[in-house]
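Listed below, chain by chain, are the residues.
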Amino acid sequence: MALFPMIPNADHPVAFDSKWPTQIAERLAAHPQLAQVVPASRLEVRPVPEMVSCGIREIDALTGGLPRGCLTEICGGASSGRTSLLLATLAAATQRQEACALVDGSDAFDPVSAESAGVQFERVLWVRCGQSKSNSPQKHPSATPAASAKRAGFDTEKKFGSKQIEKGVAVEQALRVTDLLLQSGGFGLVIIDLGDVTIKIARRIPLTSWFRFQRAVERTPTVLFVVSQAPCTQSAALLVRMKTKSLAVGRWPLAPTRSSLPVPSHAQLFEGLHIEGEILRSRMQRKPSQSVIVFETASRTG
Amino acid sequence: MPFACIYVPGFPVEAILRAEPELRAQALAVLEGKAPLQKVFAVNEKARRDGITSGMTKIQVEACVQLALRERSLLQESATHAVLLECAQGFSPRVEDLAADTFVLDITGLGKLFGALPKIAREIAKRISNIGLQCNVAVAANPDTAMLAARGFDGVTVIPEGREAEQLGCLPVEVLCAGEGDPESEQLLETLHRWGIRNLRDLAALPEVALSERLGRRGLEWQRLARGASSRTLVPFEPPLIFEEAIELEHPVVLLEPLAILLGGMLEQLCSRLQAHALATQELRLELELENGCIEDCHPEQACSVLAVKDLDETPHRDPASRITISARRASLFRRTLRLPLPLLDPRTFLKLLQLDLNAHPPGAPIVKIHLMAEPTRPRAAQNGFFLPPSPEPEKLELTMAKIAGIVGEDRVGSLELLDTHRPERFEMQHFTPCTENENPRRGFTRIHADQANQKSKTKDSSVSQCLHGGEDLVTALRRFRPRAAATVTIHDGKPAHVSCCKRLEINSEVLWTAGPWRLSGDWWEHNGWARDEWDIAVQEESGIALYRLVRDLLSGKWFVEGTYD
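Quick note, the sequences are listed as chains X and Z, same order. If you count the first sequence from 1, position 116 lands on 111 in our numbering, and the numbers rise without skipping. If you count the second sequence from 1, position 29 lands on 47 in our numbering, and the numbers rise without skipping.
Don't read these hints as lab results, they were simulated from the structure. Don't take each hint at face value.
With a straight-line cut-off of 20 Å between C-alpha atoms, the simulated SDA-like cross-links for lysine to any residue are [said to hold, decoys possible]: (1) Z:Lys414 / X:Pro216; (2) X:Lys238 / Z:Leu530; (3) Z:Lys64 / Z:Lys76; (4) X:Lys238 / Z:Lys521; (5) Z:Lys513 / X:Leu175; (6) X:Lys240 / Z:Leu530; (7) Z:Lys414 / X:Lys195; (8) Z:Lys521 / X:Thr193; (9) X:Lys195 / Z:Ser561.
Partner residues are not named here, just some residues of chain X that face chain Z (Cβ under 8 Å, in silico) [claimed, not checked]: (10) Trp15; (11) Ser74; (12) Arg91; (13) Pro106; (14) Arg171; (15) Ser179; (16) Gly190; (17) Ile194; (18) Phe265.
The beta carbon of each residue, even a glycine, is placed where N, CA and C say it ideally should be.
Generate coordinates for the entire structure from the input sequences, incorporating the hints supplied.
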């Protein structure tokens, strides 16, 4: 299709008029079936989120990193490598000199592991959810386990044991603390560790909470990182499942022994895990052809 | 730059005469010491003419009929000193407090208000006379000359510039050490007397080199004073900055909401005063006086009990059965201290923090008086780097931390610090303050620790194993169980064969693989020693194989599952 020139000539006697786009848009808008048409120049383009390293090269290669301003969920069962990934992410964030917050829904954080992973503690705010010595229920009658659990949306009419109700209290505290942290802002990484919360309880967390968290971190540089046993957020921009493929065991002393004799337990060493990570959902990019990657936390012997 | 000096001769006597002006017409002696060893400390002119001198005992002076005797009152002297200071500051903001009875003022610029220097001096003397004190006022070109003239000459003295030596020459050398009382000065004075030096003119005429050789630096200083040639900078008195607000309530406050309104107003006042001085605060102290408070309801570190005499009832007539009754009101003080990691100056933030704190620690009784104090400090001047990542705003962070502490407890939020011990769970919680410096000390420590762990690699004092895969340090982390879960373990061939845990129902199966035991112990030299055997075990669960750390406490013999490798 020939373009209208700016100056009319013999081939195109009609020149381009700068008012034409506006006039066309107005005529389109007047048409009842095209009333929802919005000029492309007015469409809001959502920028691609900035990606940051999670501290594990293989996971970075698989996912492209962790997106800022989005919710990332890591799920997996026991000994699936979730906590190792959590610590690696925390270490990478603190080494980027970002203030980080860890909402520990199960009070399972191990400082010794974290130090070995390279986490800088002075940059990490650790919130330990659950009952405390100073937070006795007698002074706060509204914070009884049953009331707190019910406030969090857990149906206490059903027969949950006291342990379940305690978990519900911890989850309720975790959600409230996350709300406060996201409203405060300024954190480069906010981790919600629900790794020891059962799937039943985790799935009872209202989806509106996750949606609210997602909206809170939108357009901020905060990475919201959730660790759980099974997918529960339903609105994560990136969802990765972790699974253990095998264990790495070693032998001590290093000198080979006769194969006929069984290796005594005191001569065996747990050296690491062979972990498989799989992308279940990614809203930043098409699912890559290779959505599964294997890496290991194995020590180098010798 | 002219200076004026105010000197009150016989200050202890003047302090008493200020309170009892009727005694000015008679001889007065001030006694000091404990009975019966009281001695005369100071006398007025009339008593001196009657032969009363300092050092005489009370018994000696009691014989004098028209002599009034009073005990020395430090409280009155302190009050008189404060009044003198206030009077001097009414003339000039630069006032040096040399002694309880001596002030030096910088009177530059007062000529436009009062006129010539003699008028200024007379005005100062008149103002001080109006408050009931008699003083000497001297004006000179340097502070020390003015001081010597005030001490040596009665009344008002003005020494023109350039004539200091001439005017001071007739003064006795004793004026140089008046009020000092140190042995060096007395020795120096004695030496001068032996030399026949009686006045400042004689002292000023001595050769400097010879004087310094014999009397040292002190002698040279005295000679400069005698010549009126000393020059020094005035050290003005700076009143201590106290920022506090107090309010007594007509009706006791029971609820925290009206208390918050009162605190809000007080905080606004405090912050505006701090801002006027270009200061901020890092510590707020709240003291609430409670009505009929009970100490048992308050934390012993936060409250104290004060017994006060309320009123004294006397029967109107003398009756053998009459008695004086004393009724005592018991009050208690409730204190809270708010310490901030950074200096702040936002009254709304302070109010919110106080509200959260009082919600968590309510007073427990009606409040009759509120006292709020702020510790002044320089405001923070942080210049963040342009390329550094953003960090939480301190004011918002403090509020957030206070709210989180109200949810999970004060001891369960903050940053942590590892302690230098091998005991398990060796950390303590600290207040979280995001650091903005570009430093990375821990990484180096971690690498060294990791390398040592790899080289040793066989001692089990770490819960992790390390990976150097493609140059990365990847750690297998431990997820701790808090509290650790008690376990029932079946042993076969000296190693765990079956593990079950009542609090962790998923741990109830045969042990597929074990590694260990590794024995750790410590603090055996303390009363809280510990010893344990650690095992790494793998068990089959529904979702797959799971790895746990199994611990046997050697002191109690019990088994625990301490965590899972994840």
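Quick one: which hint numbers does this structure break? Sort them smallest to largest.
4, 5, 7, 10, 17
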